[in-house]
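Colleague: Build the full structure now, drawing on both the sequences and the hints.
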Amino acid sequence: MQALNAFLIPILDLQLLGLVAIGTFAGIYVGAIPGLSVTMAVSILISFTFKWDIYPALSLMIGIFMGGVYGGSRTAILLNIPGAPAAIATALDGYPMAKRGEAGEAIGIVTVMSFFGGFMGIIALAVAAPLVSEFALKFQPRDYMLLAVIGILLVGSLSGDSLVKGVFAGALGVLIGTVGLDPLTMADRLTFQLPELRGGISFIAVMIGMFGISEALMQLHDVNKAAVKQKISRIVPSWGTVLKYLPLSLQSGSIGVIVGALPGRGGDIAALMAYDHAKRTTKNPEVPFGEGAREGLVAPETANNAAVGGAFIPMLTLGIPGDAVTAIMIGALFIHGLNPGPMLMIEKPDMFWFIVGALTMANCFMLLFGLTGIKVFVKIVEMPRSVLIPLIFLLSIVGAYAVNGSLSDVYWMLAFGVLGYFMKLYGYQLGPVILGVILSRLLDDNWRRAIISDQESLWLLLKGTVTSPLSAVLLLSVLAILLSKTKLWRRWRGQAA
Amino acid sequence: MSDARVRRPGEAAFAVIITAFSGFLLWTAYKISGFEALSSPGALPMASAGTMVVSAVVIAAQTLRSKPAGGQSLTRDIAPMPIVLTIIMVGAYALLLKPLGFLPTSFLFVAILIRVLGGQGIAFCAAVSAGSILLIYLVFRVIFNVIMPEGIVPEREILAFFGRLLPAGQ
Chain A
1 MQALNAFLIP
11 ILDLQLLGLV
21 AIGTFAGIYV
31 GAIPGLSVTM
41 AVSILISFTF
51 KWDIYPALSL
61 MIGIFMGGVY
71 GGSRTAILLN
81 IPGAPAAIAT
91 ALDGYPMAKR
101 GEAGEAIGIV
111 TVMSFFGGFM
121 GIIALAVAAP
131 LVSEFALKFQ
141 PRDYMLLAVI
151 GILLVGSLSG
161 DSLVKGVFAG
171 ALGVLIGTVG
181 LDPLTMADRL
191 TFQLPELRGG
201 ISFIAVMIGM
211 FGISEALMQL
221 HDVNKAAVKQ
231 KISRIVPSWG
241 TVLKYLPLSL
251 QSGSIGVIVG
261 ALPGRGGDIA
271 ALMAYDHAKR
281 TTKNPEVPFG
291 EGAREGLVAP
301 ETANNAAVGG
311 AFIPMLTLGI
321 PGDAVTAIMI
331 GALFIHGLNP
341 GPMLMIEKPD
351 MFWFIVGALT
361 MANCFMLLFG
371 LTGIKVFVKI
381 VEMPRSVLIP
391 LIFLLSIVGA
401 YAVNGSLSDV
411 YWMLAFGVLG
421 YFMKLYGYQL
431 GPVILGVILS
441 RLLDDNWRRA
451 IISDQESLWL
461 LLKGTVTSPL
471 SAVLLLSVLA
481 ILLSKTKLWR
491 RWRGQAA
Chain B
1 MSDARVRRPG
11 EAAFAVIITA
21 FSGFLLWTAY
31 KISGFEALSS
41 PGALPMASAG
51 TMVVSAVVIA
61 AQTLRSKPAG
71 GQSLTRDIAP
81 MPIVLTIIMV
91 GAYALLLKPL
101 GFLPTSFLFV
111 AILIRVLGGQ
121 GIAFCAAVSA
131 GSILLIYLVF
141 RVIFNVIMPE
151 GIVPEREILA
161 FFGRLLPAGQ
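First to last, the sequence lines map onto chains A and B.
Per the working numbering, the first sequence runs over residues 1 to 497.
Per the working numbering, the second sequence runs over residues 1 to 170.
Because the hints were derived from the structure by calculation, they are not lab data.
Be careful, since some hints might not be right.
Partial chain A-side listing against chain B, Cβ under 10 Å, derived [as the list claims (entries may be wrong)]:
1. Gly18
2. Ala21
3. Ile22
4. Val164
5. Lys165
6. Leu172
7. Gly177
8. Leu407
9. Phe422
10. Met423
11. Leu461
12. Thr465
13. Ala472
What follows is a set of in silico ranges between Cβ atoms, one per label pair, in the way DEER data are often shown [as the list claims (entries may be wrong)]:
14. Trp27(B) <-> Pro195(A): 18 to 26 Å
15. Ala480(A) <-> Thr75(B): 41 to 49 Å
16. Leu458(A) <-> Ile147(B): 44 to 52 Å
17. Leu165(B) <-> Ser406(A): 29 to 37 Å
18. Leu371(A) <-> Trp27(B): 51 to 59 Å
19. Ala127(B) <-> His336(A): 27 to 35 Å
20. Glu196(A) <-> Asp77(B): 34 to 42 Å
21. Glu196(A) <-> Glu36(B): 55 to 63 Å
22. Glu36(B) <-> Val473(A): 30 to 38 Å
Simulated pairs of lysine-lysine, DSS-like, Cα-Cα distance not exceeding 25 Å [claimed, not checked]:
23. Lys31(B) <-> Lys487(A)
24. Lys244(A) <-> Lys283(A)
25. Lys424(A) <-> Lys31(B)
26. Lys424(A) <-> Lys99(A)
27. Lys463(A) <-> Lys138(A)
28. Lys283(A) <-> Lys463(A)
Quick reminder that beta carbons are idealized off the backbone N, C-alpha and C, glycines included.
Modeller: Listed below in structure tokens is the structure:
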């Protein structure tokens, strides 16, 4: 009964309900603007909500989080610029749909599937939190390392027709992620003795350069072409469409919940993994993947919103953030005198159920705001390209600068933008670079933990991997991904078919 | 694999440049801690730079073996004038941002680029530029408190002036 009362607080209290609504609405637009990250918005929010009571502060932050993860898909579909890393996979098929004049349908599918995904994450948080967190607790450093390797190998599946170019791009991303002072020994890594490089290269600068600047440069090839008129005749998808993609949505949501629940993993990885899953399991898509396949929208968008609920599981039950935003939220809970961790569930169960209730309402508001106001948003892309492109450049430059208030980030963004432009022209996919940057830290930390605990012996590491059931399954997954990319496997599949 | 691909203008040079650059990065990564230990700070940078070198060599070999694409030229299909000009302008924007400030640099950048790319009238370019910059400025500076370089515009004084007007108006 106490749990139900706490769950109903953000639903029945009009002030809290309003704050969840405002947060979700703002989150959608913050998430949609390249360079304005949800992490940044929640960090700034903490600075002026720390004097508030915990409930209003959490209501606003939860709304921003839920709306922001979804909002990134809008510019991914309309401009091919993911507003947030979680929308990288959405751009792969969403933008081709928009170019065909199907932006409304794409946004409609994305919104409804995000809603499903959001609910799956919330249900997982409410029902299975203890089980999932117990499972994540069993992970050893070598398992995290293998997970990172799986993530990087998956880029091969996303890298178009050339695996070797995908591997190059992924390795480049990992290398970019290692630039700066080594957190363990404080040794300079690839800094060339430049003080600006000691803090590393901003991930946001790399992301905006690779996706914003390079795309805007590509658009200049067709600067005098008339902009595609986006047909927004149907936004709400039909029941038939929803039912058709429901099985894939349920599978992708499960991926999202599990990936989101793993400490350090977020909606971005969940979305890429779900996209890869959809690509592998969809036998005959109506439209090929990368050219506007609806399955390519359903999978990542269900997964990244399911990862929101998933990310709260380790945060509330273990005190370990599931991603950057939940890391900031842990800070917010500390400020308000709460200690996230196993004791929170025992001492303050009402707080747990309040969060579940706020997430539920944020998910409902996301559906409401996501299916309305699209026509106004779409007008942006109907502007002449000669007007739109300079504004994208300006927004990208300001976004890169805004993260750290540093001009170095602007220069990095430009460099990666020009590099990304040439990579794109010559058939290199840019997604693997970003994935590499995201996974770099995880890979580095856990490789070193694993090899140190095995006394610097590769033999002991391998022995430990094959004798642990969990590690063995992960290792087999790595080998299966590698094998699926060989000519031998393709020949065998061809014969089997 | 890309064996069947045709080679676009400049693609071979790009493949050679990234191979050489990957080699340079591998050497730089090696200098971090050499082969000191498997857990050394240079281990992952060396592994990733090594992967880059191997894959870049394979890419370069495939690219050099492929046939050149017919009917394409570097200046028309890869780096046409609007793109070169835009890259130069973005570079100039980054250089002028600090000394001149966000508002005048952005105004000039957007107005000139719209004029160059679309050939619209000066009044139109100036109006679109001013309107969009005002909106971006309000979002970043006023709502999100992102401080952009002021340069020659006394932004703080202007904002303080409006701030003083507000209580008086109430």
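Colleague: State for each hint whether it applies.
Modeller: Hints, verified against the model:
At its closest, the beta carbon of Gly18(A) sits 19 Å from a beta carbon of chain B; the interface hint therefore is violated under the 10 Å criterion. Interface restraint check: Ala21(A) against chain B, minimum CB-CB distance 18 Å, threshold 10 Å, status violated. Using the Cβ-Cβ criterion of 10 Å, the hint placing Ile22(A) at the interface with chain B is not satisfied: the shortest such distance is roughly 13 Å. The restraint placing Val164(A) at the interface with chain B holds, with a minimum CB-CB distance near 5 Å, inside the 10 Å limit.
Evaluation of the Lys165(A) hint against chain B yields a held restraint, the C-beta minimum of about 6 Å falling below 10 Å. At its closest, the beta carbon of Leu172(A) sits 6 Å from a beta carbon of chain B; the interface hint therefore holds under the 10 Å criterion. Residue-level restraint check for Gly177(A) holds (minimum Cβ-Cβ distance to chain B is 9 Å; threshold 10 Å). Hint status for Leu407(A) relative to chain B: holds, with the closest Cβ pair at about 6 Å, below 10 Å.
Given hint, Phe422(A) at the interface with chain B, holds; its Cβ is 6 Å from that chain's nearest Cβ, closer than 10 Å. Hint on Met423(A) holds. Least Cβ distance to chain B is approximately 8 Å, under the 10 Å limit. Interface restraint check: Leu461(A) against chain B, minimum CB-CB distance 9 Å, threshold 10 Å, status holds. With 10 Å as the threshold, the beta carbon of Thr465(A) stays out of range of chain B, its nearest partner Cβ sitting at about 15 Å, so the hint is violated.
Against a cut-off of 10 Å between C-beta atoms, the interface hint on Ala472(A) is violated, since the closest Cβ of chain B lies about 21 Å away. For Trp27(B) and Pro195(A), the hinted distance range of 18 to 26 Å is satisfied, since their beta carbons lie about 22 Å from each other. Range check, Ala480(A) to Thr75(B): Cβ separation about 46 Å, and the 41 to 49 Å hint holds. Our hint of 44 to 52 Å for Leu458(A) and Ile147(B) holds, since their Cβ atoms are close to 50 Å apart.
Against the hinted window of 29 to 37 Å, the Cβ-Cβ separation of Leu165(B) and Ser406(A) comes to about 33 Å, which satisfies the hint. The hinted window of 51 to 59 Å between Leu371(A) and Trp27(B) holds, with their beta carbons roughly 54 Å apart. Between Ala127(B) and His336(A) the C-beta distance comes to about 47 Å, which lies outside the given range of 27 to 35 Å. At about 35 Å, the beta-carbon gap between Glu196(A) and Asp77(B) stays in the expected band of 34 to 42 Å.
The beta-carbon spacing between Glu196(A) and Glu36(B), approximately 27 Å, falls outside the hinted interval of 55 to 63 Å. Roughly 33 Å separates the CB atoms of Glu36(B) and Val473(A), a value that falls within the hinted 30 to 38 Å. In summary, the hint linking Lys31(B) to Lys487(A) is not supported, as the alpha carbons are separated by about 37 Å, beyond the 25 Å threshold. Annotation: proposed proximity of Lys244(A) to Lys283(A) holds, straight-line Cα distance about 14 Å (limit 25 Å).
Distance check on the hinted pair: Lys424(A) and Lys31(B) sit about 31 Å apart at the alpha-carbon level, beyond 25 Å; violated. This hinted pair checks out: Lys424(A) and Lys99(A) have alpha carbons roughly 18 Å apart, not beyond 25 Å. Straight-line distance between C-alpha atoms of Lys463(A) and Lys138(A) comes to about 18 Å, which keeps the hinted pair within the 25 Å bound. Between the alpha carbons of Lys283(A) and Lys463(A) the distance comes to roughly 37 Å, so the proposed pair goes past 25 Å and is violated.
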